[in-house]
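> Combine both chains into one complex, guided by the hints.
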Amino acid sequence: MLAGHLIFAGLLCLTCFSAFAQQGKLLATPVATQFEGTGGGGLVPFATLSGYASREEISINSFVTHLAVNDFSLNAYGASVNWFDRLEVSVTDQKLGVEPLQTDIRQRVYGVKTRLYGDIVYSYWPQISVGAQFKRLKDTDVASAAGADKTRGTDYYLAMTRLHLGALQGYNLLWNLTLRSTAAHQTGFLGFHNSRQLQLEGSAAVLLGRHVAVGVEYRSKPDQLTFAQEDDWSDVFVAWFPNKRINLTVAYADLGAVAGQRNQRGLYLSTTFYLH
Amino acid sequence: MLHRMKNNTIILGLLLCCLAGCTGPMVAQDDNLYSALGGRQGIDNIIGRFIYLLGDEPKVNKHFEKTDLDRFYAKFTEQICQISGGPCEYTGDTMSQSHDGMNITETEFNLLVELLIDAMEGEQIPHPAQNRLLRLLAPMREDILYR
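Read top to bottom, the protein sequences are chains A and B.
In terms of the numbering used here, the first sequence has 66 at position 82, counting the first letter as 1, and numbering is strictly consecutive.
In terms of the numbering used here, the second sequence has 0 at position 1, counting the first letter as 1, and numbering is strictly consecutive.
Please note that the accuracy of each hint is not assured.
What the hints assert, rightly or not - Once the Cα atoms are required to be at most 20 Å apart in a straight line, the calculated SDA-like pairs of lysine to any residue come out as:
hint	chain 1	residue 1	chain 2	residue 2
1	A	122	A	178
2	B	61	A	40
3	B	58	A	7
4	B	58	A	10
5	B	58	A	134
6	B	58	A	41
7	B	65	B	88
8	B	58	A	40
9	A	134	A	210
10	B	61	A	7
11	A	79	A	39
12	B	61	B	31
13	B	58	A	178
14	B	58	B	71
15	B	58	B	113
16	B	65	B	50
17	B	58	A	39
18	B	58	B	68
19	B	58	A	11
Hint data in this document are derived by calculation from the structure and do not stem from the laboratory.
Okay, chain B solo, but in the shape it has when bound (with noise of 0.2 Å):
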């Protein structure tokens, strides 16, 4: 009997921890994630990677077709430099604004993450950084879907 309720106790302090850290809004920027992405350089080669991937992925690149690749390659390592924490000021459009009319799908979305996900698993990146910087990208995913 108390054994079990020992289990009981652990158990539920474990979801209770869990619970506690319900999400609520995303912190801005994560300081020190900027250097354990390789500063900006580690971004350049990240999304450098990413462009490369996106280009073998018929069911995403086409909505790359009329995108300007060096001024979204500019444009995204800048802001993935500054939310992790690096210094740079983004300076291009909203997630609204730059993917209205495009009618982005949750697949299609879900696989651009992969793909970002592998082009960081390709530079070498941890998988504790890897999910910090999703974790500042995913609040943006609601300004991209069905629009």
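One chain only, chain A, in its complex shape (with noise of 0.2 Å):
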């Protein structure tokens, strides 16, 4: 986790001296990056790519996150590049602190979306994008002694974002609707199974001001291991945006059960980079 701390660091410095900062995009409007590495809420991809880059810009972003329940932790770590405001591509490292078993699942994950159709604030229909996760386990054991069929998979993504403005008593709202077909075991540290399921997940923030966002999220999950119980996870969170170099979320994250341990909750927190 050192090397995780340093590049951390490193990023945070590299953040304070760029001058290179895309700005095409009005402040919030990225919102953060989820956990599997793509822009989005903190659990769910939305429509929007990562970072400030408008359809004449390539942003460069990475971000940084820690969950925290109370028998794993999840840290991820990764970076995404935004072509044109049309197409991202990400590479995320995460690592599942499996407490019980004193040991560590790591996943990579390498992230593509693509924007078809609307700008969120601006189109008349949502903004609409398609993205693919594929997901490569490179701690497999814990994933085979549960009996999943397989230690990699992809999942492919539609997603559907709008913020209306001044819609809430003349406070700006975000929603999210994705929908997700997957074949993944807790997102994949418990490995992959043959066939998939389609999953629904969902997003609605207000923003509080130009800087500050409160929201909530869902995401459904296939429940297709025997060996365990998989649940729906759900999240409250705020998210600041000081500048648009850096963006920091808070959240209380509800994991349901997970691997046979219940009611897994506890501290999320990210934080995303723009760093050009």
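This is the structure:
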């Protein structure tokens, strides 16, 4: 984890001294980075691509996420590039610390997302994007022991996002709906099934001013591993956008039962750096 | 289980409310917005400040090199007065006409919106009123970009 901390510190320095952050979108538009590496809330991918690049710009972004629940910790860090607000490519390393087993499960996620239509603020219909997350477990022991069919798999999703100016007593309202096709158990940490299921995910947030958003998220999960029940995930979050270089998000997350451990709830912290 | 179902219902309800608020055609006017902006004087101050801020932004002020700024000021304030429910009638050109040939990009447009927001902040316009004005102006974007 020292490497992770050093990277974090390095990115912070880079962000502070960066004179190159892209500016083409309004503050808070990209929201945050979800823990699998793509632009979105904390748990759910949005139709927005990472960073502030408009269709004339390219942005480079990175993030660090830490989630600590009763018996597990999830750490993720990654980077993404957004080309002209049309294509986003990301790479993320995740590590799930499993305290009862005194072991870590590492997974790498390669993400790609493309904006098919619209702008969350200005277009008539919501912004629509499709994406894929190519997931590959590096530590496969727990998945094998749990009876998973595979140790790698791909999620596909369709996301719709809209920001309504002044819709809530003059405050801006953002909502997102994501439809995901997945074979992953616990987002991949417990391996992958042979067959896929369709899952629904959603987020809603109110922007309390130019710099702060509060919201909720919900992510339904497949429950395909006979070894342990898998629950839906949800969270309540506060996102702070001091400027276009950085986003800080704090959330309280409820993961339900994970690998036989019930009532997994705890604190989620995430930082997104808009490097260029 | 019940706890989770309750969470589900709350969140689903919230999402459905959001979907119900899915945008359709914007309301053309917003009556008490005019007074929230400070009436005619308030609007004049906002646009005056906006033009002043524009002066420091070479990325966009290049589009104003050939503009008659007095006319721009008069027409823009007139337009905002009308759409915010004030006693004015906009007598300027359409958005398409006035922006033809400028090839205004998304980046430039969004920068101008931010300058307008900065101008409203500078005039201490309350956040809800700012958003309500932006909401009225937003549909004009498609007539302004890339012509």
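> Work down the list of hints and note, for each, if the structure agrees.
Each hint, compared with the structure:
Annotation: proposed proximity of residue 122 of chain A to residue 178 of chain A holds, straight-line Cα distance about 19 Å (limit 20 Å). Distance restraint check for residue 61 of chain B and residue 40 of chain A: the Cα-Cα separation of roughly 18 Å lies within the 20 Å cut-off, and the hinted pair is therefore satisfied. For the given pair, residue 58 of chain B sits about 12 Å from residue 7 of chain A by alpha-carbon distance, which is consistent with the 20 Å threshold. A distance of roughly 16 Å separates the Cα atoms of residue 58 of chain B and residue 10 of chain A; the hinted pair therefore holds under the 20 Å criterion.
In summary, the hint linking residue 58 of chain B to residue 134 of chain A is not supported, as the alpha carbons are separated by about 52 Å, beyond the 20 Å threshold. A threshold of 20 Å between alpha carbons decides the hint, and for residue 58 of chain B with residue 41 of chain A the separation of about 14 Å falls inside it, so the pair holds. Taking the CA atoms of residue 65 of chain B and residue 88 of chain B, the gap is near 25 Å; set against the 20 Å cutoff, the hint is violated. The hinted pair formed by residue 58 of chain B and residue 40 of chain A meets the criterion: a straight-line CA distance of about 13 Å does not exceed 20 Å.
A C-alpha spacing of about 15 Å is found between residue 134 of chain A and residue 210 of chain A, which places the hinted pair at or below 20 Å, so the restraint holds. The straight-line distance between the Cα atoms of residue 61 of chain B and residue 7 of chain A is roughly 18 Å, inside the 20 Å bound, and the hint therefore holds. Proposed proximity of residue 79 of chain A and residue 39 of chain A is contradicted: the alpha carbons are some 34 Å apart, above 20 Å. As the CA atoms of residue 61 of chain B and residue 31 of chain B are separated by approximately 35 Å, the hinted pair breaks the 20 Å bound.
Of the supplied pair hints, the one linking residue 58 of chain B and residue 178 of chain A is violated, its CA atoms being roughly 53 Å apart against a limit of 20 Å. With a CA separation close to 18 Å, the supplied pair residue 58 of chain B and residue 71 of chain B stays within the 20 Å bound. Proximity of residue 58 of chain B to residue 113 of chain B is assessed by CA-CA distance (about 13 Å); at most 20 Å being required, the pair is judged to hold. Only pairs whose Cα atoms come within 20 Å are accepted, and residue 65 of chain B paired with residue 50 of chain B is accepted, the gap being roughly 14 Å.
Restraint check: the Cα-Cα separation between residue 58 of chain B and residue 39 of chain A comes to about 16 Å, which is no more than 20 Å; the hinted pair holds. For the hint pairing residue 58 of chain B with residue 68 of chain B, the CA-to-CA distance comes to about 17 Å; that is within 20 Å, so the pair holds. Proposed proximity of residue 58 of chain B and residue 11 of chain A is supported: the alpha carbons are some 18 Å apart, at most 20 Å.
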